[in-house]
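**Q** For the protein sequence lines, the chains are A and B, in the order given.
For the first sequence, the numbering used here begins at 28 and goes up steadily by one.
For the second sequence, the numbering used here begins at 5 and goes up steadily by one.
Honestly, the hints are just simulated from the structure, not real lab data.
Worth double-checking, as some hints may not be accurate.
[To be verified] Distance windows between CB atoms, simulated:
no.: 1; chain 1: A; residue 1: Glu-79; chain 2: B; residue 2: Gly-62; range: 38 to 44 Å
no.: 2; chain 1: A; residue 1: Glu-109; chain 2: B; residue 2: Ser-57; range: 42 to 48 Å
no.: 3; chain 1: B; residue 1: Gly-20; chain 2: A; residue 2: Asn-86; range: 29 to 35 Å
no.: 4; chain 1: B; residue 1: Pro-18; chain 2: A; residue 2: Phe-96; range: 31 to 37 Å
no.: 5; chain 1: A; residue 1: Leu-66; chain 2: B; residue 2: Lys-49; range: 35 to 41 Å
[As the list claims (entries may be wrong)] Computed list of chain A residues with no C-beta within reach of chain B, every gap over 10 Å:
no.: 6; residue: Gly-30
no.: 7; residue: Lys-40
no.: 8; residue: Gln-53
no.: 9; residue: Pro-89
Where a beta carbon is used, it is the ideal one built from N, C-alpha and C, also for glycine.
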Amino acid sequence: ETGVTQSPTHLIKTRGQQVTLRCSSQSGHNTVSWYQQALGQGPQFIFQYYREEENGRGNFPPRFSGLQFPNYSSELNVNALELDDSALYLCASSSAPGLALSTDTQYFGPGTRLTVL
Amino acid sequence: RKEVEQDPGPFNVPEGATVAFNCTYSNSASQSFFWYRQDCRKEPKLLMSVYSSGNEDGRFTAQLNRASQYISLLIRDSKLSDSATYLCVVLSGGSYIPTFGRGTSLIVHP
C-alpha cells in the first residue's frame with residue numbers, strides 16, 4: 028500500500044450540487060496532485076499543491092478548486108456539478124517539489140469514484 | 005491531434021510472448037517521459053521513467069525516439085501478472101504539466 032488515503036471511496040451527487048473530496052498524503056510528502064480519470068481514459072491533471080500553494084493547473088474550469096493544509100493533506104472542491112464530472116478522482120503525493128520532479132516520485136491513492144446524476 | 009496518443013488495444017498475447025507498445029506525443033518540446041501501470045479498478049503506479057539513451061528494468065525496456073516523437077515499452081517473456089493497462093506520461097517543456105495517454109490494455113493468457 029502507498030500510504031495515500033482518499034475519502035470517500037464512492038459518492039453520488041446530482042447536477043448543480045457541490046462536492047469535497049479529501050486526500051491524506053504519504054508521511055513526509057509535501058506535494059499533492061489531483062487527477063480526474065473518466066472511464067476508459069487516462070488520468071487528467073487538475074492541479075498540484077506544494078506547501079499549501081497551487082503549483083500548476085491543468086485545463087479545468089475555476090469551479091474545480093483545492094486546498095492544502097499545514098499537515099499536507101488536501102481537498103478538491105467541485106462546484107455546480109455537471110454530468111461529465113462523473114469520474115474517478117485520484118490524488119497523488121510526492122516528496123519532490125514541483126511538477127518537473129514529482130511525476131516519477133508520486134504515489135497515487137485509491138481514488139474517489141464520483142457519480143453525478 | 006491529441007497531445008499524447010496510445011493504441012487502446014487490447015493486446016492479447018500468450019505467456020512468454022514479447023509485446024511492444026508505442027505512445028506518440030505532439031509537443032516537440034516535451035522533456036520527460038514515463039510509463040505507468042494501472043491494474044483494473046486500481047490506482048496507477050510508476051513502472052519506469054524513459055531516458056534518452058533507453059533503459060531496461062528486468063523484462064521491461066523503454067525507448068525514446070525524439071525524431072519521430074514517440075516512446076515505446078517492450079515487455080519480454082510476458083507473465084499472466086503483466087495483464088494491466090499501460091499508461092504513458094509526457095511532461096511538456098516549460099509548464100511540466102503531466103499529460104497521460106488513455107492507456108493500452110494488455111491481456112496475457114495461459
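**Q** Now tell me if each hint is right for this structure.
**A** Cross-check of the supplied hints:
1. Glu-79/A x Gly-62/B: 38 to 44 Å: With a Cβ separation near 39 Å, Glu-79/A and Gly-62/B satisfy 38 to 44 Å, so the hint holds.
2. Glu-109/A x Ser-57/B: 42 to 48 Å: holds, 45 Å
3. Gly-20/B x Asn-86/A: 29 to 35 Å: violated, 42 Å
4. Pro-18/B x Phe-96/A: 31 to 37 Å: violated, 50 Å
5. Leu-66/A x Lys-49/B: 35 to 41 Å: violated, 19 Å
6. Gly-30: holds, 12 Å
7. Lys-40: holds, 21 Å
8. Gln-53: The claim holds: Gln-53/A sits with its nearest Cβ about 12 Å from chain B, beyond 10 Å.
9. Pro-89: With a cut-off of 10 Å, Pro-89/A remains clear of chain B, as the shortest Cβ separation is near 17 Å.
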